Amino acid sequence: MTAETKSGRLVLHGVSKHYGTTRVLDGIDLSVESGEFLTILGPSGSGKTTILRMIGGFTEPTSGSILFDEVDVTDVPIHRRPFNTVFQDYALFPHMTVVQNVGYGLRVRGLRRREIETRAHEVLALVALEGLEQRYPAQLSGGQKQRVALARALICEPRLILLDEPLAALDAELRRRMQQFLKSLQRRVDITFIYVTHDQEEAIGMSDRICVINHGVIEQVGPPLEVYYRPRSGFVATFFGDNNLINGRVVERTEPGIWRLETGLGPITCSDDLLSGYEEGAPVTLAVRPEAIGLRAVVGAGTEAGEADNALRGTVNRVEFSGPISEVTVQVGEQTLLAKMTSTVSALPVQPGDAVRVTWNSGDGAIIAGDAEHHYRPDEEST
Amino acid sequence: MGRPVSLVRRSLLARLTGRRLVASSLGAVTGFVFLALYAPILLVAVLSFFRLRRGKILWDSFSFQWYAELLSNRQLAEALTSSLVVGFFSVLVTLVLATLMAFYTDRQDTRWTLALRFVIFLPFLLPPIITGLSLLVFFKEIGLSRGLITVIIGHSVFVLALVYQTILTRLQALSRTLVEASQDLGATRWQTVRFVLLPNLRMALVTASLLAFALSFDETMITLFLVGDNATLPVRLYAMMRVGFTPEINALVTLILLFSTLLTIGIARFVGRDAGAQVGL
Ligand SMILES: Nc1ncnc2c1ncn2[C@@H]1O[C@H](COP(=O)(O)OP(=O)(O)OP(=O)(O)O)[C@@H](O)[C@H]1O
Ligand SMILES: [Mg+2]
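Here the protein sequences line up with chains A and B, keeping their order.
No gaps in the numbering here: position 216 of the first sequence is 215 in numbering that gives the first Met the number 0, and each next residue is one more.
No gaps in the numbering here: position 239 of the second sequence is 238 in numbering that gives the first Met the number 0, and each next residue is one more.
For the record, the hints were derived by calculation from the structure and aren't laboratory data.
Because the structure is a prediction, the values reported are computed rather than measured.
All C-beta atoms, glycine included, are put in the ideal place defined by N, C-alpha and C.
Misleading hints may appear alongside valid ones.
Partial list, computed: chain B residues near chain A (C-beta under 7 Å) [said to hold, decoys possible]:
id, residue
1, Gly142
2, Gly146
3, Leu177
4, Gln182
5, Gln190
6, Val195
7, Pro198
8, Asn199
This is chain B alone, in the form it adopts within the complex:
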């Protein structure tokens, strides 16, 4: 008498295990992809705490030794500082320029603004080699010697398009009547920018800064042409490749990884909160 029931059970079971099979194989594939993507990074992180001997990790050698050596590696420390300085100032310069240009070109399709837009985008689209070379020639002509300043200018030119577009997109998404309402209520142009536009652009400004900083941080090609004695991090690493890396590189990579992860989490939270406050805009 119990047969039909058990039959039903079994087919159910079969279906379930079938499904489970699909699910688990999908899981395996996903896991593999993740592993392939992140294993090198993980490996670097692990290596920053341990020593190697003949290609094997000595698990009992856990220490912060490489971090200590990183700190005392003046070349790397200086390169990191250069990169941070360059990143900071290029972001600053591009934020100001891009915001002004975005305000200026918003909803204006005159020939002049189209030309301006073209000029903004050109260095971003050109091969970096061309941009770098042209800038190098230009700086030679005007007698500006190579150094961090030239790198900052080069990076600014390069990332301007991205920052500009991010800000412009947000600006265009803002209802035109917000500006009109502000003026209507008695605000001057400047007050409108300060009280209405900038607060609404906050997110775009933050996003654009981060992107610009990231771009600047690993820009190598243009930098190679423009850099003087103070190499930036990518340039320094590039140079180090010829003599071989020392293990404190692992420490450096791990630190950068940690820093970017924390930053990403922070931004994600910030974005979430900001978006929450403005639903139904």
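Chain A with its partners taken away, still in its complex shape:
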């Protein structure tokens, strides 16, 4: 790739896909910068594969357009797009050896055999697969197939590589290794990666930006930290790990930098930087991570001084010990809140039935506009 061709930015403009009356994707607006590692993340059936297939040219959008380098590529046939795909099932040609598979993209472009082999060897070295040139796909392990599929895409020197859950078929350990490998490879070759997954940790670990989609619409796009700590919808807040959603209403500024919210759990304080842009009376939802919540055993009736900004009385429902972390559910009024505590060496932090004080700081958590709900629970996922 030469330097002057490097302004490859991909833009999806109001892209929708309908099958009959089902709207699989609805008005997707997304732009991906050159050299970026963008992950499309969403639960099963949310439309991730469909987005990828439309970028690759395998599926036609019902409406909207796809631009690359400011050029409309919506109607460009698959084999003319400067993109390559790594398929979830790898789609290696079973009748070709590794080196033939890798060289395929050059063969159909009419390059000479010598040159194809030289280039194939270079690319195979890049994915650390030297020595397997003459094997057939059936003689490779999952991780090796994966890398052959990558090499086969890389040899075409695409501007963009599309990966659809490329690690889904691998076991946990290999998965972790391949994640690191993919990430470092992407940095080395400096090609835009659009990566589809439904694994939140994978997305957080690998991406420059994450695009969270649900039911065919984009919920949020942003860097991993932002998506994790500043979710803009109940779905995003609960899709990434556990979150406690507390519905309420902005009441007033009690002191500089501190707002009071009226919630089902009683009054709660919340700092300015979470609430910027909201007016008094606006319905909001506070999302507090379980790890931000502290639990104190209540001794006597009085409030202790020097506590956290928010302190609610509750009763422990359930304590689930899982190694270093214990998950504790606490009943506070009508709502159950989840807290994650570090287990002490000698004992569990609390017992079911304990009266506790649930605490967190007014700067912790995120504010979501409106009455957000738990849109997503991990145990509903069908994977």
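Fit chain B with the ligands to the supplied structure of chain A, relying on the hints for placement.
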């Protein structure tokens, strides 16, 4: 003192002989079935080397006489040639047609492709008499006189369904993403067919050709309607039945048997190798 031991031994022995009895009777039945199936064929093979007198084989008459006479029997030789020519060309025609149609109808369930499929299968399902008769009338109408060409067309129509289905089944078993991957890597449609689809269809093409050839080789009913002066082998044999067979028929049958056996072994090896290379597809 040795009694219990010998008792044990004896019961063991009894059990063993019991088992042996079952095994040997099973073996006998199997042998009998094989004999019943293959004896006529074996007999023909034997008869092709010996002479008969009053229904008895003259064992000292071993010779290749019947083979020599077969070669000089022009009628049979010509009939065999006709059959081979017809088989070859019907296979060729159907392979091309069936492959194209399979590509065309693969994963397409429009009304038009369903209709096409129906048309392909109809001649195979209809009684051959109807197919033969219809073709005969049709050829009369368009003024095509009967001959090997009409037989080739008739056979092609007849075996098309089988070849088509064999190819289509294999095509559908191929992962759709193989085609997409090929296009994704820059291949045109034609390149995809040539580099990805055809190599993966190789086995199906070979199998289909053999089946088609076998079907064509012994097809009689349709052929009877369409054949001109150049009778195919089954038609010739059918005609010969009225005047009685001459012993070189045995030689002919033996040759055909030998040929098909060799072919089968060859194919089995080919299939085995091919399957081995693609485990875990
Ligand atoms: N050809 C089609 N016809 C009708 N509906 C389709 C078709 N292809 C996909 N869909 C529907 O579109 C929705 C999104 O599918 P898609 O494959 O994009 O989901 P996904 O996010 O990739 O899910 P997964 O994580 O399970 O792969 C699904 O509900 C699916 O049933
Ligand atoms: Mg998918």
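Now for the hints, and whether the structure bears them out:
At a threshold of 7 Å, the smallest CB-CB gap from Gly142 (chain B) to chain A is about 46 Å, leaving the interface hint violated. Hint on Gly146 (chain B) is violated. Least Cβ distance to chain A is approximately 41 Å, over the 7 Å limit. At about 6 Å, the closest approach between the beta carbon of Leu177 (chain B) and any beta carbon in chain A falls short of 7 Å, and the interface hint on this residue holds. With its C-beta approaching chain A no nearer than about 4 Å, Gln182 (chain B) sits inside the 7 Å limit, and its interface hint holds.
At about 5 Å, the closest approach between the beta carbon of Gln190 (chain B) and any beta carbon in chain A falls short of 7 Å, and the interface hint on this residue holds. Because the beta carbon of Val195 (chain B) sits about 6 Å from the nearest beta carbon in chain A, less than 7 Å, this interface hint is met. The beta carbon of Pro198 (chain B) comes within 5 Å of a beta carbon in chain A, closer than 7 Å, and the hint placing it at the interface holds. Taken as an interface hint, Asn199 (chain B) checks out: its beta carbon lies about 6 Å from the nearest beta carbon of chain A, inside 7 Å.
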